[in-house]
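Undergrad: Single-letter residue listing:
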Amino acid sequence: MAEQTQAVRTVDQVSTTVTVVAREFEADVRVAAKVPAADGVAVLDLRAVGDETLPRWELGAHIDLILPAAPTRQYSLCGDPRDRQTWRIGVLRDPAGRGSSRYVHDSLQVGDVVRVRGPRNNFPLTASPSYLFLAGGIGITPLIQMVAEVDAAGADWRLVYGGRQRASMGFLSELEAYGPRVSVRPQDESGLLDLDELLGTPRRDTLVYCCGPEPLLAAVEARCAAWPAGALHVERFSPKPATEPVTSDAFELVLEQSGMQLLVPADRSILSVVEEAGVDVFSSCGEGTCGTCEVRVLGGRPDHRDSVLGEPERASNECMMICVSRSRDPRLVLDL
Amino acid sequence: MTAESALGQFRLDDTSIQQDPYPFYGPLRDQAPVLQTDLGGRPCWVLSRYEDITKALMDPATFSSRTTPAPSVLHADPPDQQRLRKMVSATFGRSAIATMEPFIAERCVALLDPLVQVRSFDVVDDFAGPLTVSVIARLLGIAVDDVERLRRLTKMAQEYVRSTRLGYEASPEAQAGNAQLFEFAAGMVTSGQSQAGGVVARLAQLLSDGELTPDECSHYLVLLLVAGHTTTTNLLANAVSTLTERPADLARLRTDPRFGSKFVEEVLRTRPSFQRILRVTTRDVEVSGTTIPAGSTVYFLLGSANRDPAVGQAADEFDPEQRRGMNVTFGHGIHTCLGQWLARLEAGTALQALASRVAQVELDSQKPSERLAGGTFNEYGFEHLPVYIAPLRG
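Protein sequences appear in the order of chains A and B.
Sequential numbering from 1 applies to the first sequence in the working numbering.
Sequential numbering from 1 applies to the second sequence in the working numbering.
Keep in mind that the hints were calculated from the coordinates and are not lab data.
Source: prediction; values computed, not measured.
A hint or two may mislead.
[What the hints assert, rightly or not] Derived lysine to aspartate or glutamate pairs resembling EDC-like cross-links, with alpha carbons at most 16 Å apart:
{"hint": "1", "chain 1": "B", "residue 1": "K55", "chain 2": "B", "residue 2": "E286"}
{"hint": "2", "chain 1": "B", "residue 1": "K367", "chain 2": "B", "residue 2": "D125"}
{"hint": "3", "chain 1": "B", "residue 1": "K86", "chain 2": "A", "residue 2": "D280"}
{"hint": "4", "chain 1": "B", "residue 1": "K262", "chain 2": "A", "residue 2": "D280"}
{"hint": "5", "chain 1": "A", "residue 1": "K34", "chain 2": "A", "residue 2": "D45"}
{"hint": "6", "chain 1": "A", "residue 1": "K34", "chain 2": "A", "residue 2": "D106"}
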């Protein structure tokens, strides 16, 4: 038996030590256009300073807008993903905020250079025969192109767009052109959105996409409790913590099922430490590309270095590839 | 059969050996682990040991996948391989695929309930085939109106591929079937009617962005379509065939929630859908003391590697509880099967649905089962698996 297990060990040590480290795109961009879309809503077109092609993104993605004299904020990309030269965002002026949107509205001019980072996506559009889009105020921005896409694909869809008043709701003419599928419900005309009517009956074939202020999201989440798991997708505009540098420090690894605490040294992979401890795990390529070693994360934030996971999985911190990925926190808990 | 006579008789293209290769694997591993032979007159090499096979598959620089010029991720080497694979790998990841469970479960119920009423059915044509086609279609984001036609075209395309590898002219039906399958794939893209967010939509976008050539796109879709239903059909049929021999395991599937995945893994190990895969060497390479020259086609007997004592005790026995090392049913290294988690999920879900409806499953004594005939990868499964079931009462 010792000989047999040794044969398997030998194979493991042959695996490559290439690690795939993911870094986010970050670049200077020029404000190519700044156009008011409604009262207090400015639409910015951003282009790379050298007019280079920008990274690809998918519907639902957002970027960090890094400003010279105001905190970094996230904005949904609301342009056409096929336009690889321009990133378009919609910014609502918030007089009570920390200054970023005031800066965009009051100070930023066409031709100015700002910095962007990303794109990231926690709000991807997934396949469905039917969609219900719910937008609150500036939350319309990630949904505009989604509507265009599902309409073109022939899916069944509806958009209900709420806001304080018509004058402050952007993109109305282009959305109303879709006809009766779009309901524009300014609060001063129609009151608050009737979520009981919209969400009271769960539907198995419908995905619900919602973006807007926190009270709307909370109310929608509550009404969707009875809907099938995974039906509701929300995008929140809360600030993201500053991106930490990628490190390779040693960290503590807790294996919940096996009841073990292990140390993962800086120069060894989680996979090798776990296998050495005698825990059965699947693994294959050893370089983070094949997906065989994916495990569930129960605690701590992984430092993703693989080439398998998409943005939403990475951001969820719920799974990771243990052959290459490490930990951002001193303690990581795995379902092993 | 003695070990010596086994070695003497072993042929890669003998249909009856392909349908039951296992008696040959032990003698090959023990006496000719690096075997020089030929296939259709073309010289080639055969590896049968776990260690040699896994080591080779971890070395794509030496063991290249470019065994045909087809612009497919299956036949790509780094860096193309990674570029292509990354286009869809997130969709096939373990936790991403887990979200398909409700759909798969629903499809199993829709297919099984009427079959359980009738009591006798063909696991391949009536259950596994339609199930696996609908699952891959859902993932791709397309409608498949004619499941039978798609399965027929697939068989023709597989025969076509086989003929090109062996260097003979394919039959007119195989050529036509292959062409029609590619037309079907191209049509998925040009129709523009696939589901937003599905794999076809994603590849179509990449195609229009110029990240993918039209040829790469069609080959990708054909690969996903074909691999997405043929291999999993074999897995399901092999699993049910195993259950006909092991009625206690059927009961255990019903009562022990942790048993399902172990059972499926053991079916995968002992009855892989592909008994072999192949590579071509880019340089002279020594394997277990024998030098294989550059430019050689090398076959890796996955079915044999899985029975190698290196994988665990009593490796030739079916025992879901036995601790085992990693099997190589899904390959090894960078090309490890993209669909592995989908396959595991489909099989686990289907068996659960079957076990919760059926008290007993037996081979139908009135209708013989028919094994697959092999092909390039020595597909291991059933053309037809007629069974008779006793429904679960209460």
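Undergrad: Each of the hints needs a verdict: does it hold here or not?
TA: Taking the hints in turn, this is what the structure says about them:
Pair hint K55(B) plus E286(B) holds up; C-alpha atoms about 11 Å apart against a cutoff of 16 Å. For the hint linking K367(B) to D125(B), the alpha-carbon distance of about 14 Å falls within 16 Å, and the restraint holds. The hinted pair formed by K86(B) and D280(A) fails the criterion: a straight-line CA distance of about 27 Å is larger than 16 Å. Distance hint between K262(B) and D280(A) is fulfilled; the C-alpha atoms sit about 12 Å from each other, no more than 16 Å.
About 7 Å separates the Cα atoms of K34(A) and D45(A), which keeps this hinted pair within 16 Å; it holds. Restraint check for K34(A) and D106(A): the C-alpha separation of about 11 Å stays at or below 16 Å, so the hint holds.
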